[in-house]
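Start from the sequences and build out the full structure, keeping to the hints where you can.
There are 2 protein chains.
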Amino acid sequence: MTVPLNVPARSLPVPDTVSPGMQALIAAPLRAGWNTFPTTPDGWRALAEASLAAARPDVAAMAERLRVTIEPGTIDGVRVHTVTPPSIAPEDRDRLIVQIHGGCYVLLPGEAGLPEAMLIAAFGGFKVVAVDYRMPPEAYFPAALDDAMTVWKSLSSAGDARRIGLIGTSAGGALVLAMGLRAKRDGLPMPGAIASGTPMSDITKTGDSFHTNAMVDNVLVSTDGFCDAAARFYANGHDLRDPLLSPVYGDMAGFPPVILTTGTRDLLLSNTVRVHRKLRALGIVADLHVYEGQSHAHYFRDDRIPETAEAFGEIASFFRTHLAA
Amino acid sequence: MTVPLNVPARSLPVPDTVSPGMQALIAAPLRAGWNTFPTTPDGWRALAEASLAAARPDVAAMAERLRVTIEPGTIDGVRVHTVTPPSIAPEDRDRLIVQIHGGCYVLLPGEAGLPEAMLIAAFGGFKVVAVDYRMPPEAYFPAALDDAMTVWKSLSSAGDARRIGLIGTSAGGALVLAMGLRAKRDGLPMPGAIASGTPMSDITKTGDSFHTNAMVDNVLVSTDGFCDAAARFYANGHDLRDPLLSPVYGDMAGFPPVILTTGTRDLLLSNTVRVHRKLRALGIVADLHVYEGQSHAHYFRDDRIPETAEAFGEIASFFRTHLAA
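Chain order of the listed sequences is A and B.
Here the first sequence is numbered in our numbering, starting from 32 and rising by one per residue.
Here the second sequence is numbered in our numbering, starting from 32 and rising by one per residue.
Don't take every hint at face value.
Claimed, not checked - Partial list, computed: chain B residues near chain A (C-beta under 10 Å):
1) 45
2) 47
3) 49
4) 237
5) 271
6) 305
7) 315
8) 319
9) 344
Worth flagging that the hints you see were computed from the coordinates, not collected in a lab.
By construction, the Cβ of each residue, glycine as well, lies at the ideal position given by its N, Cα and C atoms.
Here it is as structure tokens:
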């Protein structure tokens, strides 16, 4: 039963079944730095600051292309940005999306965390509150989740929580699931729907695609790379199997409808489909979308290509179907 | 844009995220004969007969375990088997499932094609008509589809076609999609729902998972193996890109709801998700289920393991939701 399958070396062509823009993302070499990471708190902090500096011009250009406005602020002391599309349909005026950014719990602070918020604002026509949660070394587990819950408590108590959707990708995809688990535990209302993209739902290196898609996914590349080291840095010695760190182990009974997004080359393909199966086993409405040839979170890397419109069109349609009006 | 990605040799452990029974299927070595195939019509015929002889005792044991009865017959000259579960709920009495078996268009004649029919009869509680279509060298493309359509024409004209669901896997998964295309072309009614499992929706060797899951899928193993040679034998010189051979290229507008099933190691993962995307782009209800660690059609290889009940539970629930009562 434990004989491993030996797979020979292979050469993977860039698929011609995707748009030229997606082909460019797939053709990119393995991400620089995927297997190097800082060894000191200051090193991690410097990397986060560098990710912000690198993202700022892209985010500004994207906001202009998508015609969204961005307002910084705080909610009960937690840093947020409110992202607003050029127009909101009457039936969506009382709806709201809360976005929790990714970046392996250590990257993409400030405006760097906003691309997904801008995309769902622009393609969905929703108002979005993006949570700029604390990250290590400023604060460790469960600080990111605490900040997200502070925002959730405030927004969900201000009106009908079923009008609010959560969206997040990667670490953010795990955090929106953990928010559901925490809301249950704390007796807070559930959101109306959750969009979890390629979630880091299991950071214990468990899941078949950690092996099958190793060195195939050109973003995360391998579970022995940057992202796992970053997740351990955030966990700060805490049990990695805690459902608030690895939500696939949580009890999702009572969850609202969930839409899951991943790609065939995604290192977290298994992390995603395992959450789908758990939800379906509980009878929860759960839609899975797997995009051809895409590695981790490729579906929101370029707002100008059709696959991005396709993925956010699906998510927006899911929110419109399941959020209370 | 066309620089291939070089993936080093790897050793894939058997995942512990699936049941022991599924672990046994995943731990099996690459299927014997995956890259050898007959070179004469008699050789293909002998192989089909051998597949029937090998399957007969398994099918009989399975029918007993699942307590289904099997009746051979014909419909307008086409060989069929009617598979009946021990009991049928009142609301399902007028519902019917038509099953089109797989086997790369050349294998699994007679009772050998019945496992999927027995599974949806047993786990779904539906009456099933299984089509034992002609295969080469008895008859070539489009004979399999012609036989399926003869049965469809007869059954769909006998009552409300929306009460009838189609199910098929692999070649059968492609045939049920081609039946939808042909029904449209011929002005016949559409079925109420279609279950297409890991369809051979593109036999032109196009699709990213033909590369990423080559030598990873222990059933089909590679697009340069048996199944592609068999499909070309069936196509008999016909253009492989014809939508009736490669339905991913067909116009699926007007299709009923479709449920698609595949696995993370499936060589046809891309063939499956590409059909999902096409359907969704047309706004058609289409549910995708991707099972952890599974290779091609692993989800119906053993009726005694939980993953089989899970997959057929999803399909049965989909039929119950979408078929007219």
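Checked hints:
1. The criterion of a C-beta within 10 Å of any C-beta in chain A is met by residue 45 of chain B, whose closest approach is roughly 6 Å, and the hint holds.
2. The closest approach between the C-beta of residue 47 of chain B and any C-beta of chain A is roughly 7 Å, which is under the 10 Å cut-off, so the hint is satisfied.
3. The criterion of a C-beta within 10 Å of any C-beta in chain A is met by residue 49 of chain B, whose closest approach is roughly 8 Å, and the hint holds.
4. Hint status for residue 237 of chain B relative to chain A: holds, with the closest Cβ pair at about 6 Å, below 10 Å.
5. For residue 271 of chain B, the interface hint is violated, since its Cβ never comes within 10 Å of a Cβ in chain A; the closest pair sits about 15 Å apart.
6. Here the hint on residue 305 of chain B is kept, as its CB sits about 6 Å from the closest CB of chain A, short of 10 Å.
7. Interface restraint check: residue 315 of chain B against chain A, minimum CB-CB distance 13 Å, threshold 10 Å, status violated.
8. Interface restraint check for residue 319 of chain B: the shortest CB-CB distance to chain A comes to about 5 Å, inside 10 Å, so the restraint holds.
9. Nearest Cβ of chain A to the Cβ of residue 344 of chain B: about 9 Å, under the 10 Å cut. The hint holds.
Checked against the numbered hints above, the structure breaks hints 5, 7 and satisfies the rest.
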